[in-house]
Amino acid sequence: MIEEHSIIIRIQGDIITVPAKGVSYGELATVKSKFGVSLAQVIRLQGDEVSLQVFAGSRGVATNDEVRFLNHPMQVPFGDALLGRIFNGSGDPIDNGPNLTALPRINIGGPSVNPIKRIIPRGFVETRIPMIDVFNPLVESQKLPIFAAAGEPYNELLARVGVRIDADIVILGGIGLKYDEYLKFRNAFEEAGVLSRTIMFINTASDPTVERLLVPDMVLAVAEQFGIQGKKVIVLLSDMTAFADAIKEIAISMDQVPSNLGYPGSLYSDLASRYEKAVDFEGAGSITLLAVTTMPGDDVTHPVPDNTGYITEGQFYLKTGVIEPFGSLSRLKQLVIGKVTREDHGYIMNSMIRLFAESREVEQKLSMGFEKTEADDKYLKYAELFYDRFMDLNVDLGINDALDLGWKTMAECFGPEDVGIKQEFIDKYWPK
Amino acid sequence: MSDVKKGRVVGVSGPMVTCEVESAVMRNEVAYIICDGVPLKSEVIRIRGQQIDMQVFENTSGLRIGDKVEFSRELLSATLGPGILGNIYDGLQNPLAELENDEGFFLRRGQYLDALDGEKKWDFTPTIEKGAKVRAGHYLGKVPESIFEHHITVPFRLQGTYEVINIEPAGAYTVNDTIAVLTGDDGKEIPVTMSQEWPVKMPLRVYEKKLLPVNQIMTQCRLIDIFYPLAEGGTACIPGPFGAGKTVLQQIISRYAEVDIVIIVACGERAGEVVETIREFPELEDPKTGKPLMERTIIICNTSSMPVAAREASVYTGMALGEYFRQLGLKALVLADSTSRWAQALRELSARMEEIPGEEAFPAYLESQIATIYERAGVVELYDGSSGSVTLMGTVSPAGGNFEEPVTQNTLKVVGAFYGLSQTRSDQRRYPAIDPLISWSLYLDQTKDSLNEYSEGWVDLVKEAHALMLRGSDIHQMMLVVGEEGVSTDDLITYLKAEMIDAVCLQQDAFDSVECATSKERQLSDFHLLMGMVQHQFTFETKEETRKEMAHLQNLFFQLKYCPFKGEEYMRYRIEIESILGKEQA
Ligand SMILES: Nc1ncnc2c1ncn2[C@@H]1O[C@H](COP(=O)(O)OP(=O)(O)O)[C@@H](O)[C@H]1O
Ligand SMILES: [Mg+2]
Chain C
3 MIEEHSIIIR IQGDIITVPA KGVSYGELAT VKSKFGVSLA QVIRLQGDEV SLQVFAGSRG
63 VATNDEVRFL NHPMQVPFGD ALLGRIFNGS GDPIDNGPNL TALPRINIGG PSVNPIKRII
123 PRGFVETRIP MIDVFNPLVE SQKLPIFAAA GEPYNELLAR VGVRIDADIV ILGGIGLKYD
183 EYLKFRNAFE EAGVLSRTIM FINTASDPTV ERLLVPDMVL AVAEQFGIQG KKVIVLLSDM
243 TAFADAIKEI AISMDQVPSN LGYPGSLYSD LASRYEKAVD FEGAGSITLL AVTTMPGDDV
303 THPVPDNTGY ITEGQFYLKT GVIEPFGSLS RLKQLVIGKV TREDHGYIMN SMIRLFAESR
363 EVEQKLSMGF EKTEADDKYL KYAELFYDRF MDLNVDLGIN DALDLGWKTM AECFGPEDVG
423 IKQEFIDKYW PK
Chain U
51 MSDVKKGRVV GVSGPMVTCE VESAVMRNEV AYIICDGVPL KSEVIRIRGQ QIDMQVFENT
111 SGLRIGDKVE FSRELLSATL GPGILGNIYD GLQNPLAELE NDEGFFLRRG QYLDALDGEK
171 KWDFTPTIEK GAKVRAGHYL GKVPESIFEH HITVPFRLQG TYEVINIEPA GAYTVNDTIA
231 VLTGDDGKEI PVTMSQEWPV KMPLRVYEKK LLPVNQIMTQ CRLIDIFYPL AEGGTACIPG
291 PFGAGKTVLQ QIISRYAEVD IVIIVACGER AGEVVETIRE FPELEDPKTG KPLMERTIII
351 CNTSSMPVAA REASVYTGMA LGEYFRQLGL KALVLADSTS RWAQALRELS ARMEEIPGEE
411 AFPAYLESQI ATIYERAGVV ELYDGSSGSV TLMGTVSPAG GNFEEPVTQN TLKVVGAFYG
471 LSQTRSDQRR YPAIDPLISW SLYLDQTKDS LNEYSEGWVD LVKEAHALML RGSDIHQMML
531 VVGEEGVSTD DLITYLKAEM IDAVCLQQDA FDSVECATSK ERQLSDFHLL MGMVQHQFTF
591 ETKEETRKEM AHLQNLFFQL KYCPFKGEEY MRYRIEIESI LGKEQA
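Protein chains in written order, with our numbering: chain C, 3 to 434; chain U, 51 to 636.
Hints listed in this document are in silico derivations from the structure and should not be mistaken for laboratory results. Predicted, not measured: the structure shown is a model, and the values here were computed from it. There could be a bad hint or two in this list.
Unchecked claim - List time: in silico DSBU-like cross-link candidates among lysine-lysine, alpha-carbon distance up to 30 Å:
hint, chain 1, residue 1, chain 2, residue 2
1, C, K341, U, K341
2, U, K598, C, K374
3, U, K593, C, K383
4, C, K410, U, K593
The shape of chain U in the complex, shown without the other chains (with noise of 0.2 Å):
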């Protein structure tokens, strides 16, 4: 191959390593660097005349100067196509299960491998007819996938209008067959399989409008689902220091969320995390579907442990990876852990570069980096009227637990919800350990009206529940200071009211098998019951006997969250306080 561009490593610096080259580079583009006959993917991050900065994906361990380049014309991308599901892939989607492994366990470096199944055959049914008129999104066909239909699209990367010459009949098809042919205004024919390439770092924009968030997405989490609202297309942070229950969470929405599609990058955090979704998601059963969870997930593992550049790659995969099922009509839901991994990983290359560092060594782009990644998610109109969303949901890991550093700062800007972990809570073991006084989500009034539609006057009554969390913290702040003796027996009931929605509602024992995902019809009905007790009126002597009534109170409403919903031991519960609850008023 002598139309290859070739160059020479000149010099070699931890990840990064630069090489020299005398034709056209482009940026981002992918290169090869050729160690002892072994390719080392890499992406040329920056050029200077003809000296050429490049990222490496791998360990560069043995590595000389002079050693060949190949550059190799594309950029860093994607493979789409039926057989996403279910895999688990490292930062460039290679499957980790195909690897080989030294010595049984150990990655080896240098291996690139199809992240699709190049022998499965797909049952194939057309759904366009020869002479259409199609461009880039269109649908041509589709398999089934899971419990989904997978539609087979239009070449993204196509540009204009293209007319269909050939569609191949229903029949049994790899994801390398041609299926369609397309000629565009210049004639010239263009194969279609089904699998495709993306360039991860470009957005995927093949689709009529981009909507506002309007539809809640169930994570089956009280504190989010009542009190901070998510919204399908929507995009929040979990901030927290380490151990206060990030992952946690995310891995609890992973498995008990209500969409289509969940998509776990697991960027620069511990592999052993991924280990329990790996090995426990296909023994689980998706409650919605009866099938596998597996088989609605992937994930993109690229641990701490393994190469920083791969790192920075893995969270743009798996949002490459969200816009396609977008594109395919379905929710998706990316959860990242962390993306203060993926912004050491700027970071790391940054200072390789000797860039001028800005706040805290970060480079000057985080900013916009950080917002770009948070702007593909979205819900969207597709060409055929259908919509499908791509929702982001990332942990920030600020340095000390401080949130005023500039991956949390950058990031709260551009979110639409903020899920503040605090290290207090996770102390007292109130998990999950989101501060009610510090959280927010704009969903809340821009889901209104759906909310409201569940259960009349829904979102008032979340606010009051949450103003009187405000107040029963300013109670104990001043119980603080003034004692118990100091606050009337009317304050005290307030914060034993407040106390009660923090005990039954806002914590949540994610090890719990009832208590680890909460419908949204236990929602609604237990959500009534506790504001029931908020409204009432209660007229206690003392407060001896408040503290001693509130906690015989908050008691039944702790073992009723334990027991399953509707069941005899929670009816018998619920009876007993709607009891206490009626026969005070009355």
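Okay, chain C solo, but in the shape it has when bound (with noise of 0.2 Å):
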């Protein structure tokens, strides 16, 4: 029962009215017009009118352009014949390789998992990053971002954590990625041998807009039959913020009272929906949901990064090149932290920081040109040592050795009773 339309009553922004009877809501059509066939999703009903949002912007379509509708939501094929392969942000293959329509097609943007279903995830990942490994570690099932303004090289650590992990199925969703972007990602796979069990939808900054909109769920939904199926799956977005940009283009068009620098009050539901894709299936596989949130002006409080904030499993917050210690967070570390990882880490990491925090105070202190202190010396060694030894981003360490230079380094700077640690452990792991 495909249904024509052909007279397109309302064009506003990227969205499409039709009068049309019998249509489904969240149902997919096309739009042929003079540039070309795009897929459009039903996002209103209201009597006979019918509001679609057209995924290719309605740029050049006409009032007598032919909308059909397809009975059905949006979908994406999945099969093991997936990997390897390169998508756009329309679910087509953009790799030249054979095509795909023998396989069976799963629908997109489907319910949250029952909260029951979930287990408590306890897989340590170690990226021999210090400032992941021994601050905020990463474990199996997180969902977490990577909070950085534009310049810095977020896209870089995002690969670089991603291969490191040891997955069965990494899936990449490029949102307004620059194509030099996922050409630098293309390689990273390349070089750490795992493009054979890759797969990537990618949306360029030169694509449409509302496309922007489809690459979370596609990614997701792949992810989510993987997952089932027992695979360990790495999901990688990369941006978004041209994500929600383009929610709030809808919203703008779609006449909706924006609560926050023009994005819909439902920002955060929008956003929740995929995250919480991230998944340790109780009896199957996993979904690690790694993503890039760039921050407008570098702010952390502009609505994109605080709504994200809210939702995630902590956030890394790449700064001047480093992961910053204050602000960056993994909200799931004491579910690995000394009960898979030592039983000393998490005093080092809590004393660690406590006293880099007091290093920087201390540096204030002298910046504005106070006395200095015998005390302060301490802390001022302590800092040098704490930026080359683990914010360094070059500094390639497995976790215990870096615990071990953390007990190091705070001996070559302090006494047992500056640390705050507890007797036991000081009699256990101070260098002496």
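Mind assembling these two chains? They're in different frames, but the hints should get you there.
Below, the structure written as structure tokens:
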């Protein structure tokens, strides 16, 4: 029962409205214009009028163009044949590989996992980046964005962490990704030898904006299927701010009252329904979700990073090329620290950060021209060592070596009484 | 069923559906929209002539113009009775464990199950005689559940006086068996079972009177119990930017608070956080009763990717359950995380209805809605003279961490305690990151008499410590401007004393087996020891010496707090501290 309609009565932004009957909410349609065929999705039913968002944009759409309703929601092909393949933002292959029409198709944007079917994640993921492993360890099935201003090497960090994880399948979703960046991801996957178990859905910066809405849903629908088959999946999304901006555009075209800087009040729920797809399935696989959230104006209180921070299980705050210890957080760290990792891990983490915070205060004080005390020297030395041994992103160190180096660094600068650690651990680990 | 009121869908926009109906409709009435044979539960939120706007508690995709709508003539209600405890419900009180899942994992819409197990037999004992005159809320009998007697009440919806014309003898009954029959003035017989329905958005007020909260509820979190106590029947809010520790604080309180019932409302936040509770509570022992913690807990779980309208309902469902246990003479604690998500659900629906937006696009009625929820908390005297309480603690997630936003501000107007979390403190890993410079509790004075009963002069001692904290902060600010050399040794001592209170009393590691909870007895004992340090007149010659000696003392206190109370090591550190303080004095 495929219906065609040929009178578009309204075009506002990338939303078109047609008179139609029997159409279902959320259903997909195609819009055929002089410039090609685009997918569109029903986003409002009102009496006999149906409004659709046109994924390729409404530019060049004419009032007498043909709209065909497809009677099903947005779908994506699924199967092992997806491995190694590259798709565009509407799910069509762009790598000249064989076509996938024979594969079954699955709906995207499905319902959430019943919370009681989740299990407590316990898998420590070693990245060999001390700022992550020691201070904010990553845990299998975690959802975690990298917060960064434009110009920071966030995609490099994303790719580096992504390939370090020992996953069965890596799925990259490019959302408004610069073409060069896409190529860099490809190279990183190739170098790490994971290309054959990688799937990419790429909407580049020059591709239609509305299509950006589809990328996370396609990526996550595919990830979910592999996950319930028992696969350990890692999803990389860059950049979720571009996704949020696409939501904003649609909301404005729909005349929705914005709640904050033009973003609709539903932004939180819109982001959450994607991020919450990260999961450790009881008795099956898992989805770990790492994303990039660029911060307009380097402002963490901007609605996109702000809403994201409330949803994700922490964030890595990338600033001037290093992961900032303040503002960065792994909320799942306590599930692995001292349980999967060494018993002294938690104490090292807390004390080293506290000392580093104090070092920053000392630096600040001295920058204001105050007299330097003997104690200050210890802190300055500590700050320098901390930077070189831990913060520098080039450091490549396993977790236990990093913990040993932590004790050593503290002992080089302070006495055991200064560090606020339980006596039994001091006795056991303090370098003699 | 010809008398079912029917309507048809004329518009769909996200979770809001408009339908047309010809007969009478009630505001907040529950209706079911039939989508390809699947009923989608919804609630009437606006009536304009024949156009009825409804919020749908499910995903609306697949709905078509013309789909049928069936109205129930009921308001959105909770089911109350034995067997609620230990359950994990969604926002509409569906037991999550009983739901069928697509592909084994995914929530399938359109399933509405009984909240209570209809098969389970309960050991009923009547506590009233035939012929007795009763009214709503009076007890008819009881069944043992978990560690307490679960009273069976005259249905709350009944108005006026009734006579008990039959009461079943002691025996095993299900929640659907009739255990009593009542008649009212009109002579109509009303069968009563052990379960009943109550509309979640209506405050339950079948008690003698509401009382002033004057007793403390122990949370075993020192910063709260000592500095900003929470009162039984009181209200508190925990606003804070993301990552500041709102959820961890509530999790800790859900474990260690000294109450009878804990209701956790996971409202629009991460599913993963509830999973920890779901998976761990059955294994954890309630130290007070020796039973699994789950047996005193109810989880209402409507996490962020579950339907938005059901999120709005979840807070009301939680409060209705809390009020029910209050009717039974118990102390219930409702923990809502986060009330901002509930407010955002209101905002989302309001935007769909194209209402005139207020500040930050929240609807104008936000303030009254927040007040209505917090006002449902309270300690009450029941008809039999006993008392029960609902204490409510909600987190607030302000946009950008800025407390000058509508949800935080409107909440502050109605709560009795404010635990403001600060980014700076959490960055410094000073957990719980409740900022002592901005937080307050009206209950410190309100519960004064009962606090001083534990320990004479307690409240004054707390105020002394608090004043010292403020002084310490002033001196710290001064030191940032004039440097350490610019302040006197006495000021430096004051500052270090304040830091010591912070480090060894305010800061409490939620993940350490000893530190996670501090009993009343230990709080009294350790705080007195600490105040002994505060009141001690130290006489140091130089600032170097001051720093060194104070660091030594602080380390002793620090080691002490990690030692099990009154254990061998604890006593050793304690004696060492006492001897330093004593020797100095001599
Ligand atoms: N009392 C505490 N003790 C130790 N760590 C804490 C404490 N409170 C918070 N944290 C740390 O901060 C992280 C974020 O806390 P959380 O309660 O989830 O923040 P919020 O709910 O405010 O976003 C936790 O994962 C934990 O690592
Ligand atoms: Mg939280």
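Index of numbered hints that the structure contradicts, given in increasing order: none
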